[in-house]
Each structure stands twice: as structure tokens, then as C-alpha cells.
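A.B. asks: Chains as they are written, first to last, in numbering that gives the first Met the number 0: chain R, 0 to 290; chain Y, 0 to 378.
Honestly, the hints are just simulated from the structure, not real lab data.
Remember, predicted model here, so these are calculated numbers, not experimental data.
No residue lacks a Cβ here, since even glycine has one placed at the ideal position from N, Cα and C.
One should not assume that every hint holds.
Some chain R residues near chain Y, calculated using beta-carbon distances under 10 Å [as the list claims (entries may be wrong)]:
(1) LEU112
(2) GLN130
(3) VAL131
(4) GLY132
(5) SER142
(6) LEU144
(7) SER146
(8) LEU150
(9) MET216
(10) GLY247
(11) ALA249
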Amino acid sequence: MAIFLQLLFTGLGIGAIYALVALGFVLLIRAASVVNFGQGQFSMVGAYLLVVCFNVLGLPYLLSMLIAVILMAGFGVLFAGATYWPLRHRGGLPVIISTIGASIFLENIVLVLYGPSPEVLPGLFDSPGIQVGPVFMDSQYLSILVSATLLVILQYVIFEKTLLGKKLQATSQDKEMASLLGIPVAMMILITFAYSAALGGLAGMLVAPVLFVSVGMGGLIALKAFAANIIGGYGSIPGAILGGLALGVAETMGASYISVPYKDAFAFFMLLMFLMVRPQGLFGEKISEKA
Amino acid sequence: MLITRRTTILGTALAAATPLRFARGAEETIKIGGIVPVTGPAAEAGRFMQNGAAMALEAINAKGGVLGKKMEWVTEDDATTNPGAVLGFSRLVSRGDCVAYTGSIRSTQVQAIAPDVLKAAKPVMFGGTNTGLTAAGNPWLFRCRPNDSYSGRVIADFGAKTLAKKKWAIVHSTDAFGSGGMQSLVENLEKMGIKPVLVQGYTNQQTDFTPVVLAVKSAEPDVIGSYFTFENDLGIFARQLRQLGVQAPWVGSPSIINTTALNLAGRSLFGTYGIADYTPDSSPEAGTYAADYTKRYKAAPDNQSTWIYDGLMILARAMNDAKSTEPQAVRKAIIAIKGFKGTEGTYNFDEKGDGLRGYNVVKNEAGKIVFDKHIEFND
Numbered sequence: 000m001a002i003f004l005q006l007l008f009t010g011l012g013i014g015a016i017y018a019l020v021a022l023g024f025v026l027l028i029r030a031a032s033v034v035n036f037g038q039g040q041f042s043m044v045g046a047y048l049l050v051v052c053f054n055v056l057g058l059p060y061l062l063s064m065l066i067a068v069i070l071m072a073g074f075g076v077l078f079a080g081a082t083y084w085p086l087r088h089r090g091g092l093p094v095i096i097s098t099i100g101a102s103i104f105l106e107n108i109v110l111v112l113y114g115p116s117p118e119v120l121p122g123l124f125d126s127p128g129i130q131v132g133p134v135f136m137d138s139q140y141l142s143i144l145v146s147a148t149l150l151v152i153l154q155y156v157i158f159e160k161t162l163l164g165k166k167l168q169a170t171s172q173d174k175e176m177a178s179l180l181g182i183p184v185a186m187m188i189l190i191t192f193a194y195s196a197a198l199g200g201l202a203g204m205l206v207a208p209v210l211f212v213s214v215g216m217g218g219l220i221a222l223k224a225f226a227a228n229i230i231g232g233y234g235s236i237p238g239a240i241l242g243g244l245a246l247g248v249a250e251t252m253g254a255s256y257i258s259v260p261y262k263d264a265f266a267f268f269m270l271l272m273f274l275m276v277r278p279q280g281l282f283g284e285k286i287s288e289k290a
Numbered sequence: 000m001l002i003t004r005r006t007t008i009l010g011t012a013l014a015a016a017t018p019l020r021f022a023r024g025a026e027e028t029i030k031i032g033g034i035v036p037v038t039g040p041a042a043e044a045g046r047f048m049q050n051g052a053a054m055a056l057e058a059i060n061a062k063g064g065v066l067g068k069k070m071e072w073v074t075e076d077d078a079t080t081n082p083g084a085v086l087g088f089s090r091l092v093s094r095g096d097c098v099a100y101t102g103s104i105r106s107t108q109v110q111a112i113a114p115d116v117l118k119a120a121k122p123v124m125f126g127g128t129n130t131g132l133t134a135a136g137n138p139w140l141f142r143c144r145p146n147d148s149y150s151g152r153v154i155a156d157f158g159a160k161t162l163a164k165k166k167w168a169i170v171h172s173t174d175a176f177g178s179g180g181m182q183s184l185v186e187n188l189e190k191m192g193i194k195p196v197l198v199q200g201y202t203n204q205q206t207d208f209t210p211v212v213l214a215v216k217s218a219e220p221d222v223i224g225s226y227f228t229f230e231n232d233l234g235i236f237a238r239q240l241r242q243l244g245v246q247a248p249w250v251g252s253p254s255i256i257n258t259t260a261l262n263l264a265g266r267s268l269f270g271t272y273g274i275a276d277y278t279p280d281s282s283p284e285a286g287t288y289a290a291d292y293t294k295r296y297k298a299a300p301d302n303q304s305t306w307i308y309d310g311l312m313i314l315a316r317a318m319n320d321a322k323s324t325e326p327q328a329v330r331k332a333i334i335a336i337k338g339f340k341g342t343e344g345t346y347n348f349d350e351k352g353d354g355l356r357g358y359n360v361v362k363n364e365a366g367k368i369v370f371d372k373h374i375e376f377n378d
């Protein structure tokens, strides 16, 4: 039982990171019908920005995070300008390819600018963690879980309770109708890119003390986050969160109780099962409903 | 032709580039082709490797080079992947002007290029330690580090005899390096009548090691032996191991004491033992190299740079001994090398292509790597 609880805690911690990145995926799918394969690299860039602010410039940790998140939002707009805007009338595929290209570009530009040496970032708290009964709770995993919960609540409030949120939702549901109602669709899409980049960057900053900051860290997370997105339901917000958590728990449990070397296989086996048995995912809409 | 700003820039660029090309072509060099991880998870290690190679070339060329010409090392990125290594190596071979090559420190990539090495039929110096690489009968592979049959023997010997521990848990990467090392360690422990209580593999580039750590914890070992390929994995494992309260002594393969791992894992590795093919205190040659490297690059060297340094030095020596760059003659000259004092140890090549047969045992004392002893085998 002790082992089970320990695995559950770690699985949820890792799952929360998948969920945050998956959330970034979902927002862009809904707002701009774009699958952004640079989402993982947003996390990597975010983590490096934190390294620059905290390790290099020596600013306080929370201020560094705040600055990095703001910079990431701006970076999201730039990213949209480069990958999405010029190709927005050409359908989904060219944009997807251009985000793949941008992701490769980002990894290599960071490699050139910052070098290949992995960086170490301390956690939000000095203490390594707390022992609760048989479970050791790593302080960074706790920070991740708390931050993810707060972000989900914040996102709910923005989308459901504010006018901006309603406009964003309207844009994601039907761009033509939204623009007829006087909603600045282009602006809404740019805001979504900015939010999605900030979210991805924050996920990277939160996971950095656990995984270290390296150029390849984004790819590692993004693939699982994308799988989480399919499992939860393509384009579904609660689906992305639950899918991410489920994936994190499933691979940790699978690794421990069945086989460690097949850990990654569990995540993708789960993805395959969903694609075969329930392709719309946990919360996905049936395609016919969207017509 | 219309002269526009673009054609002017293009023309200037071409004009600027041309004399450079001629200047390069004017001096003929002896070219050694090398694959290097410039990108991918081992890019950091790749930089150490390039530093080591640069130092070797400078030393070689300062002493008159090879057969009266300067030695040059031309490289291709292997992206730290097996397909990348194969592609990079084939690019080097298709240049047609390389007389020998350098491979990777990662066994899995050496294994990947081995069939092409056989076809290229020129000497390849490499640093991967999987025993099978030289045992498979490929006459062109020459190893500049001791192989894993020795690393397994030294880990087993040190843990079971010096530390007197009998309950072993072994954690290893499932790639060619990790599995080979694990097999060697298990065999050597079995020779001493010890059966490990846990043998746990993991795949490279993990986000979390809790399942592995919990497996180790429930096995209640009194010593841990490990073969980690990447420092990121080692760092995450080490931290989670200590967090979840496992304090058993730990004897690791060389990655446990390399500079990147020490930086990433910090305190979690204090008190661990590592076996090291390279350590500055093991010989005067190793000491001089360390001082020189630190002076140039403001960092401590590790085995990522020493094997390539030795490899290039050995190639230069063999070509000068053979008075030729003809592959068979160079091969014979390498095998004839006896008692060559390199940074990694004293090289005595055998027919299979293994140059070294010993390891150093070192201890991590609060982040400082302290030389304990050298264990050399004669068979």
C-alpha cells in the first residue's frame, strides 16, 4: 500500500505536467484549429528563460518566474507571427509542418545560444519535501500539483466568467460567426497563442528542478502530452487535464508493477487502445455533432 | 548582369570565401574522420570530446605531425542517435580522403556503425565499452578505454571484497552499454558465489525513476551497482534514491563521476564510489593532461575527452611507425603498440583491438573525486 501511494503521488505529479502542456495544445486546437508541435519547445524555452533570469541575472525566484512567463506570452505572439499567420488561409497541414520546423529551429537556436550543458535549477522551496505517513512528497511535485490546480481554476474563471473568455470561446467555436458579431478574431487567436506559450513555459519552469534544463526536455514531455490530449478527447479541456493525469499515473504504475523498461510503451499502448476502442477519447465530442 | 544589392552581396561573399578555399587546399593534411555528438542528449559530452581532439591535434602537429604532414580531424554530427551515427559515418567515408576514423564513446552507436566500418576497411578508434564490440571479430575497431568485462570485474571486486557487501541491487540502462555492463557484473558476482537480489533495467531518457527506486528499496540491498548511460537519468535517479531513503553504498560505472553528472546530481552522489578509466591522479600523463585541459577550457576533464585524445595520439604514432597510411599497415602498427602511456592508462593492444585492461576506483568525497586505487588485470 505504501508503494502504491508513493507511485500515485509521483504519477499525479508527472501527470500534472503532461496535463499543463496538453492544455496548451488544446487551447490552440480550439482557437485556431492548429496542432502546435512546438508546444514542448515552449516548455524548454520557458525553462531557459528562468535560468537566464534566476541563475544568470540573479533575480529572486518568483520574480524570475513572473518575468519568464510574461516573456513567454510575447514569445507566443512572435511564434504565431512566424508559423501561423502567413499560412492561416492554407488549411491545417502547412501550419502543422511549420510548427514542426519551428520546434527544430528552437531546439537548435537554444543549443547555439546556450550550449549543450544541462542546467540545474533549484525548486520553489528549499526543503526537498515532506514525509506524510509512508509517502515522501517531493516539494517540487507538490508545487507542480498546486500550480496545475490553480491554473485550471484560473482558466475556468477566465473562460466562463469574463467577457474576454466568452470572446475566446466564441472564436474557437465559430470564427465566421464571431467575426460577424464584431469580435476581433485575429486578436483572439494571438491572445490564445500568447496564453498557450505562457502555459507551456510555466510547465517547463515547474518541471525544470525535477528533469534539469536541457535542450531536449521539451520533446520528452510534448509527446506524452499529445497522447494525453488524444486520450482525454481531442480538443477537450477537461479531457487534457484528466488524460495527462491518467497517463502519468498509468505509466508510473505500469512501470512499477509490470516492467520498468516498458514504461514508455504503456503510455502509447494506452493511446492505441483509445484510438481503437474510443477514438473520441474520454470527453471528446462525436465528429457528427460538430457539423 | 544586373547589379543589385543582392548580387553585390553574393559576389562579395564569394570573393571573400575563395582565397580561403585555395589557402586550405594548398596544404595537404592527413585527414581523420570523426563522428561527434554536436546535437542531441550527449551534445555536452561532444564538446568535451572536441576539446580533447583539439589538444591531441595540437600536440601531434607541434611534434611534426604525421609523415611530415599536419593531422586534421574532420567531423560530422551524430546527433547522439544510432541513425545519426550511421549517416555521419557514411558521409565521412564518402568523402574518400580520410585515412582512419574516430567513433563514439557510446557502445550502441559503435555497434550501429560496425557493419559500415567493416566495409570501409580502415582503422576506427572508439570509446564504447561493450565487450562484444571487439569480440565480434571486426578487425578495424580499436578501443581506447577498458571494456566492460573489466568494469564489471572491478565493480564486483571492489564491492564484494573491499567493501565486503553481499546483497547486490543492479540498476542498468537497457541499451548496448548498460546491458553489456550488467551481464559482466552479474557474471563476475556469480563467480564469487553472489546472486544479486535485484537486476533492474530502465530505458534511457526517463522523466521519473520512482518505480526503479522503489524496486531497489524493497529489495533491501546492502550495495548498489549501476550502469547509467546519460547523466540526466543518473541525476534524477540519484536524487530520488536519496529522497526515498535508500542509503546503501553505491558503486557506479564511469558516468557516476563525470563532470556533468556531478554538477546535476550534486549532494545526492556524495559518498558514492565510481570506477573511472580516467582520473587525474592515476598517472603522470593523466595529471599533465588534466592541468593542461583545465588551463585551456576552465573545466575539469573527464573520460569524454581523454579517450579521443589517446585515440588520435595512437593513430599518429601508428602511422609514423608504419611510415604509411595504408590501412593494413596502420592496423598492424596499432596492434604492435606496447607500453604506450596515454591519459587513460598504459596501452597494450591485442589482436581483438582492446588497448586497456584496468580501471581506477574513486570516491566522491563531498563533490571532490578522490583516487582510491588502480586495479589492473593481465588477462
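A.B. asks: Give a verdict on every hint.
C.D. replies: Do the hints match the structure? See the list:
no.	hint	verdict
1	LEU112	13 Å, violated
2	GLN130	9 Å, holds
3	VAL131	13 Å, violated
4	GLY132	14 Å, violated
5	SER142	15 Å, violated
6	LEU144	14 Å, violated
7	SER146	17 Å, violated
8	LEU150	20 Å, violated
9	MET216	9 Å, holds
10	GLY247	9 Å, holds
11	ALA249	12 Å, violated
When the structure is compared with the earlier hints, violations turn up for hints 1, 3, 4, 5, 6, 7, 8, 11 and for no others.
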